[in-house]
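Protein sequence lines, in the order shown, are assigned to chains A and B. For the first sequence, position 21 matches number 21 in the working numbering, and the numbering has no gaps at all. Whatever position you read off the second sequence (first residue = 1), add 1000 for the working numbering.
If you're looking for bench data, these hints aren't it; they were derived computationally from the structure. Check before you lean on any hint, since a few could be wrong.
[Stated by the list, open to error] Interface residues of chain B toward chain A, partial, derived using beta-carbon atoms under 10 Å:
id, residue
1, Ser1061
2, Ala1078
3, Leu1093
4, Glu1097
5, Arg1100
6, Leu1271
Computed from a predicted structure; not experimentally measured. The beta-carbon is built from N, C-alpha and C at its ideal position, and this holds for glycine as well.
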Amino acid sequence: MIATIKAEWRKNRFRPAFLVSSGIIGAITTLVYGVNWYLALHPSASDRQPVSLLTLYPDQFVNNVMGAGFPLGAAIAIVVGALIAGSEYSWGTMKTTFTQGPGRLTTWFGRVVVFAAWMGIMTAILFLVGAASSAIVASFQGHAIAWPAAIDVVKGIGTIWLVFAVNGAIGLALGVVIRHSAAALGAGLIYVLAVEILAVRFIDYINNGAYKWIGDLFVGQNAIALLQSFTSPVFPRGLAPSIGAEQAVVVLMAYFVGLVVIAAGLLRLRDVT
Amino acid sequence: MENTTIVETHSLTKRYGSGVLAVDSVDMSVRRGEVYGFLGPNGAGKTTTLRMLVGLIRPTSGTATVAGHTPGSPAGLARIGALIESPGFYPYLSGRENLRVMADMASVSQKRVDEVLDIVELTSRAGRKFGTYSTGMKQRLGVASALLKDPELLILDEPTSGLDPQGMAEMRKLIKDIGQGERTVLLSSHLLGEVEAICDRVGVISNGRLVTQSTVQELLGEEGVLVRAQPADAAQEMLTRMFGPEAVSRQNGAIHLKTDPGKSLEINRQLTAAGIGVSELRPFERSLEEVFFQLTGEKQGS
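So that you can see chain A by itself, here it is in the shape it has in the complex:
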């Protein structure tokens, strides 16, 4: 298992998909801070939800970066997951790795470990860029730099990692099921950005919300609920699903484990043609 993790890390550390997605996460965080800073300094009378400078200071940076978790971060994680799993089929590397020696499951779990580690790196980049951006805003505005409590930072990192990892696992599983990176990527994005949203709305609508509990089992609903559990009152809030943070963590973890295990089963049983 250690050898497989080593091989997967060697293979993925310079993988363009990881490097580009990490760059996008960092760049978008910087851009969002920049735009919000401008809007906070140049408020418009027609703006119904004006941006408060208070939300851009370091003590609020954890709350701020939570906004990157869904749907943007989720979409990026799905793309990366689909590329990691699907391109092994497109490049014919599946057969090369499977004939090297470690069993299929060992290879798969090594891949999942490295993927989860990369989701951790992307999370760290998001937090570092968010913290740096908030410190820059505070410095320019002459505001004292005060950081949130360490426990809040840790919880925030855990939350973003979980949201990235579970959505990445959707991409990974789709890559294994469809055996093609581009098709898996497309299917994943359509699911997270359209199908799930429509399905949840429809389920919530049926019989005056009698089946809302089913809608509350979807990945997106739980991700939003978990991310919004952090958001302080100074932030404008969307309509949060009525799901507790603890329940959301359990549901998202179950999805992550379930998707990884289903994909592992398929990999083990199916022929590599």
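Using the hints, position chain B against chain A.
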């Protein structure tokens, strides 16, 4: 007693979900230390058989033992190296870095990477990205990857596929060199000359069935003499009297005689003495190509 076979299959069969019978009851046996040619036309079932031997696909029925283990088991894979169809590597990594990944996968020392690059003569271009490699370089990298574990058994599936004539010659020389000594090489090909030049034994597969398995010499059959003479009927009658009816056959106007070519002088003397004009008399050898077309039922030149 040490087992002399390194690959053994019994009634190995693969039927796909679509109903296509790709491999049909193949009983194959590869001996240790030999270069075994697995010969067959495109679509005959060669790659499917090899994929079953390395555990990439599961047989519908039948059994196989490869290097003493079930196909695809980690213990068995540790003793074999394989290049199945086109070499699959990560295009954004260099050739050397790709081999390092595979060495880690196989728990092989990183020192071995430079050794195999040297064997396949790819050291000078090992720093280039795999995506920029020519077909020949890709095939060489595939062979290098298969050699990483210094395997007892090397399985190469159409290793000269897509190469130009020079590349093919270089690859054949490489395979010959690799096959020296105790290592067993199982080589699939649809190129008859390649198999005839490299292999000790040959298995011929057609429409999923192994139609024969023997040494190249056995497959080419007994040596003989080809005679063209006029009148042909009189010549055939005389030769039948001399060598018996089972030794004489007539194909495309020529008489094929199963006998020692050293008797050519005597044959010529006897025919001439009987007033039969001899226009051609030479040792006759069947080519592997002829044997192949005869065995597979394919039409030559079609």
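*Unsatisfied constraints (hint numbers, rising)*: 1, 6
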